[in-house]
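Undergrad: So you can see what is in the structure, the chains are spelled out below.
Protein chains: 4
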Amino acid sequence: MNFASDNTSGVAPQILAALGRANAGHVPSYGADPLTEAVEAEIRTIFEAPEARVFLVATGTAANALSCAILTDPWAAIFCHRNAHIEEDECGAPEFFTGGSKLVLVDGEHAKMAPEALRRAIAHTGRGGVHNVQRGMVSITNATEAGAVYTPDEVAQLSEIARDFHLPVHMDGARFANALVACDASPAEMTWRAGVDVLSFGGTKNGCMGVEAVVIFDPARAAEFELRRKRAGHLFSKHRFLAAQMASYLEGGLWLNLARHANAMAARLAEGLAATPGATLVHPPQANAVFTAFPRAAHIRAQAGGAQYYLWPFDQSLAGPPEEPLVARLVCSWATTEAEIDAFLALVRG
Amino acid sequence: MNFASDNTSGVAPQILAALGRANAGHVPSYGADPLTEAVEAEIRTIFEAPEARVFLVATGTAANALSCAILTDPWAAIFCHRNAHIEEDECGAPEFFTGGSKLVLVDGEHAKMAPEALRRAIAHTGRGGVHNVQRGMVSITNATEAGAVYTPDEVAQLSEIARDFHLPVHMDGARFANALVACDASPAEMTWRAGVDVLSFGGTKNGCMGVEAVVIFDPARAAEFELRRKRAGHLFSKHRFLAAQMASYLEGGLWLNLARHANAMAARLAEGLAATPGATLVHPPQANAVFTAFPRAAHIRAQAGGAQYYLWPFDQSLAGPPEEPLVARLVCSWATTEAEIDAFLALVRG
Amino acid sequence: MNFASDNTSGVAPQILAALGRANAGHVPSYGADPLTEAVEAEIRTIFEAPEARVFLVATGTAANALSCAILTDPWAAIFCHRNAHIEEDECGAPEFFTGGSKLVLVDGEHAKMAPEALRRAIAHTGRGGVHNVQRGMVSITNATEAGAVYTPDEVAQLSEIARDFHLPVHMDGARFANALVACDASPAEMTWRAGVDVLSFGGTKNGCMGVEAVVIFDPARAAEFELRRKRAGHLFSKHRFLAAQMASYLEGGLWLNLARHANAMAARLAEGLAATPGATLVHPPQANAVFTAFPRAAHIRAQAGGAQYYLWPFDQSLAGPPEEPLVARLVCSWATTEAEIDAFLALVRG
Amino acid sequence: MNFASDNTSGVAPQILAALGRANAGHVPSYGADPLTEAVEAEIRTIFEAPEARVFLVATGTAANALSCAILTDPWAAIFCHRNAHIEEDECGAPEFFTGGSKLVLVDGEHAKMAPEALRRAIAHTGRGGVHNVQRGMVSITNATEAGAVYTPDEVAQLSEIARDFHLPVHMDGARFANALVACDASPAEMTWRAGVDVLSFGGTKNGCMGVEAVVIFDPARAAEFELRRKRAGHLFSKHRFLAAQMASYLEGGLWLNLARHANAMAARLAEGLAATPGATLVHPPQANAVFTAFPRAAHIRAQAGGAQYYLWPFDQSLAGPPEEPLVARLVCSWATTEAEIDAFLALVRG
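Protein chains in written order, with my numbering: chain A, 9 to 358; chain B, 9 to 358; chain C, 9 to 358; chain D, 9 to 358.
Keep in mind the hints are simulated off the structure, nothing from the lab. C-beta: ideal position from N, C-alpha, C; glycine also. You may find that some hints are simply not true.
[As the list claims (entries may be wrong)] Derived CB-CB ranges, DEER-like:
#	chain 1	residue 1	chain 2	residue 2	range
1	D	E259	C	D192	30 to 38 angstroms
2	A	R29	B	H132	48 to 56 angstroms
3	B	E331	D	E59	31 to 39 angstroms
4	B	F173	C	A40	51 to 59 angstroms
5	C	A49	D	A231	42 to 50 angstroms
6	B	H174	A	R171	54 to 62 angstroms
7	B	G261	A	T53	41 to 49 angstroms
[To be verified] Just a sample of chain B residues kept apart from chain C, beta carbon distances all over 12 angstroms, derived:
#	residue
8	D81
9	W83
10	G108
11	E232
12	L264
13	R268
14	R357
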């Protein structure tokens, strides 16, 4: 019963096996190997983007921060939701990689930027000429940190606002697969057709060991990515092992199947909670995370029974009136089982 | 016959197997897992350094650049050899991570800093007060980029010079194991007992998939490392897989055995070349790399026969007089076989 | 009738004359001259801070950004008001000088941080350990961008909150003199006795040509200031001319007299507006700036009559219903005359 | 007898007077005043460069570092002489402003880059693709730190090498006027006609209080200069006083006359030393500085008699054998008099 995060899970067996297959013999290092070439081509095919450039890195923070660095100037603003991962969970990586950009925070329910709030934030920034930080880029997290999902139409709506101000659009897709299957959309529909210029295409949280692909739809923007990646220590010498993970992840739609499973587990969990007296859902459980409030006594029971998850926000306390509701974040992954969910629900129900 | 680099090799089978074992179940992410704790303790034991702090990252450039960042100020100099990896092969990573330090280059044979050259370089820097870049730190690469090795006494000699100027000392040990077995020294003798404050302890080139440990002997210097690592995107979420590699690498002295093999292969290669008419050694082959000059005709023959390696420097040409000697860099690894070496020597000899 | 900013004014005649006196002969450059030494001593005396270190720079942005850089780490937050000059008017200078700190914005009326809002913002930041940007420092602008003033007690209240979290406190005193005379407080009462660690002590807006003093009350924090100043190109070679301005500014309390005049002119203007039908004050006019709303028709009349000032915010339009109120920012300076104010009031009244 | 530096001198009286004239009334701040517009136009005229963009800053380090920042990427190299001011006297400002570029040092006599040494340095850099720092820009100091001068032909020769590698060229002209009159060349001949893209056009050392103009011959490169200047705290609010200095400096060729005087004083000094037994010239005294070796006893006599100058390098000692020659740097300025020189020579001769 581990719902602490999708990254407490291990590696999907197919992907682990692929590492072993990739281990044979000597191959050129630093990405000049055939497996890397093949996986880049495969991503271009999957995204229907024959001109796209693809770069592999090992962490989501690297993917996001490097993407920001090629899309904005140091003296410009990155518009993102107040709860975006790049704002709250990367210890200032975007600021480091960009050379000091400013994250301008946009409000909206369920960690989704409200279109009018985005427009206001952009319009407000850089009005004073050289005295202000300039308008730089927009970053959309999909699925969001609250487990919600932007549809392709919603992404397009935000992108149009960005376009009105001539700003490029980044998508933090650490949970891209979960968002995609939630919308039953194609990769192209969710990204470049909806105005996304650069995608952080996550693998790690969804069954890989540690690999993310940065997909740059406009190849002109790729020019400096390679240099920034190397300079940041994110170019792997034994690069074949990043490629092997990603190749296996994509093969036969494994990535989508793993995400479907995680989303289905979250749906089962949400349904169970909805049917539990005293439990309420805080955000719409559209992807693989469920945010739910239920009484303190039930939390104590669940945790005593071995359930692992975070109270969200962290500073809620298990000490206090037993009936008071506390909010939990429960994250499902490719490795979550129906049995775990049913056991958890049983504990909550007491 | 791949001598292009030690990083064209794959992963030692023991280490690959360890990844599979580490895959069971859910564990806390970001290094809070038991395997990480155990491997940190093991490194403290191996280095006889109970107070040391240990951090895992996936690339050598990350290890080096983060180490520099905690040891020097942005307005200070990093003293290193003109051919150090941090100067020549990291696309300016030290400058990026430190916020703009200056690498001051020191000469010396076989990519080893000559002690008097180091002293002169330090003394020359920062003489003009606030107008100059200040004196920051010393970085020693062991084994060097030329395949030579500093003995513990030689390290101590450089460290004493650093101490005379109150400067901390970093060791880039991407090939630390190779240097250690070459000197038959203990980890402690080669590092903190010889005045080293921070070590980049390499695993990747010597049989791992992608892991390096930064060993910080003075724990006071560790305070900011964790934040810098996260901010640089180098904190892995599924951290257990870094730990698993490192734990297996250390277990039963595997790391030393792999390095002994690589060094022995380089010695066999060097002996064979020394006995080859027309071939000369350019640097003393003390670790796992051999730098050798032999006639262009023999290069053409070797490469036609399938040998892979770099001409060093790169800009030598295979077009030209057949008898003219060209210099090759030949790197052996844990995966190099006697048969490969003998086949290569046969090609060179024609 | 120029109320556009206090920096559209020229240099007070006493200060201009001091430049001429300072011009005699050769003197050591880069601040090693006797005039610089004397002015640093004078500032220590005025602030009753014998241990303080003083550094002169030529712009307020340099003073603020360098102050931030010595008080916070790159991975930490600067807590300031949403409308602080460092947030809105320096094109990201704090981010540049600190190496990428994040400004966390605090709300409050009249551009003054509300104490509870500050406490919440600090408490919210850095809760997640290494994943979050850490808590760094607090910056208080006095007088504020809205023409309001923090009393020493109010400063102390914010400083205590900072101390609860072990954070240093910076004061952006570009209009320090205006704040001081508004409160009839001593320099020490407004700064170190109220918990301020570093002050940007403004001269430029209040009658100098271009000089600000950074006063560092805890000399241990001064260690790196000198190096950062030089590295940022803010150490003047002919430093005596910065010192001469500041010395004249301080001599005989000129700085306080100039500020008293500017504040008195703002008070006269505010009183006149308060007595003008249709005009209202938007912020309390406690220093040298008046924010006032009055009908569009009166704006058109005033500007046609030669009055210069900014509509605040900028994006208000002179086209529209004549009775609709628009907000103006009107800044008085040492050079503002009663006649200008009376002429302006006459225009507004029509 | 102050030969310590040209920046120990004061401000030429014409320029000081211009500050007073500029002080009348209110004018727009931040460079939107008519005087600034006029001086920018005047510089375009003087340089026969109608498309050039001009920006004023107050220090040479700001001019140089901002120029580098718009000409090179953080991951690229700045090729300059080993003794260039940007390498030795700016505390790493180029590294700070560029975000961590690497200065690659080129040798050559008299602090002039030897063309073949420049070509070798460029060719050597960036050969290894993404692993190396890339080739960025060339910076030429004229007059050099050794008091020598590049002729327009010599500048063109270096620029051609830069062009062969598609690199832009910066000229550090802190002593541009001295170089120009030494060559009897026009501003255009010495700069854009010789391949210079951006010039740091110095005023401070040659009679101004603190002003340098950055002249950007290709206006496309100006796009980010304004933002970088503001972000670095180098945009003056009372900008008219920078403009007033520069306008007066240019008026009637004052700048050239001041430099002619300084150069003539250096020539007189050099001639006197050449005629002094035991004194030798170390570099050709082509501009306003003389590097000369003469016996220690004469140094002791000169300094006891009130002569001020630096031993160069600093670490020569006045203690030692009286006949041993020590090297002095003697800098003349617009303010140096024949009487000072003759008095100095008399002291040296004893």
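Undergrad: With 42 to 50 angstroms as the target window, see if A49 of chain C and A231 of chain D comply at their CB atoms.
TA: 45 angstroms, holds
Undergrad: Starting from the hint 41 to 49 angstroms, judge whether the C-beta atoms of G261 of chain B and T53 of chain A obey it.
TA: For T53 of chain A against G261 of chain B, whose Cβ atoms are near 46 angstroms apart, the range 41 to 49 angstroms holds.
Undergrad: Mind verifying the non-interface call on L264 of chain B? Its CB should be farther than 12 angstroms from each CB in chain C.
TA: 33 angstroms, holds
Undergrad: Could you say whether the range 30 to 38 angstroms given as a hint is met by the Cβ separation of E259 of chain D and D192 of chain C?
TA: For D192 of chain C against E259 of chain D, whose Cβ atoms are near 47 angstroms apart, the range 30 to 38 angstroms is violated.
Undergrad: Using the Cβ atoms, figure out if R29 of chain A sits within 48 to 56 angstroms of H132 of chain B.
TA: 54 angstroms, holds
Undergrad: Does R357 of chain B really sit off the interface, with its C-beta more than 12 angstroms from all C-beta atoms of chain C?
TA: Holds: least Cβ distance 56 angstroms, greater than 12 angstroms.
Undergrad: Any Cβ of chain C at or closer than 12 angstroms to G108 of chain B, or is the non-interface label fine?
TA: 8 angstroms, violated
Undergrad: Measuring Cβ to Cβ, find out whether W83 of chain B lies farther than 12 angstroms from everything in chain C.
TA: Check fails; 5 angstroms does not lie beyond 12 angstroms.
Undergrad: Assuming the hint says 51 to 59 angstroms, is it satisfied by the Cβ distance from F173 of chain B to A40 of chain C or not?
TA: At roughly 25 angstroms between Cβ atoms, A40 of chain C and F173 of chain B fall outside 51 to 59 angstroms, so the hint is violated.
Undergrad: Taking the beta carbons of E331 of chain B and E59 of chain D, is their distance inside 31 to 39 angstroms?
TA: 57 angstroms, violated
Undergrad: Check the non-interface label on R268 of chain B: least C-beta distance to chain C beyond 12 angstroms or not.
TA: Label holds. Min Cβ-Cβ 37 angstroms, cutoff 12 angstroms.
Undergrad: Can the suggested window of 54 to 62 angstroms be confirmed for the beta-carbon pair H174 of chain B and R171 of chain A?
TA: 55 angstroms, holds
Consistency with the previously given hints fails for numbers 1, 3, 4, 8, 9, 10 and 11, ordered from lowest to highest.
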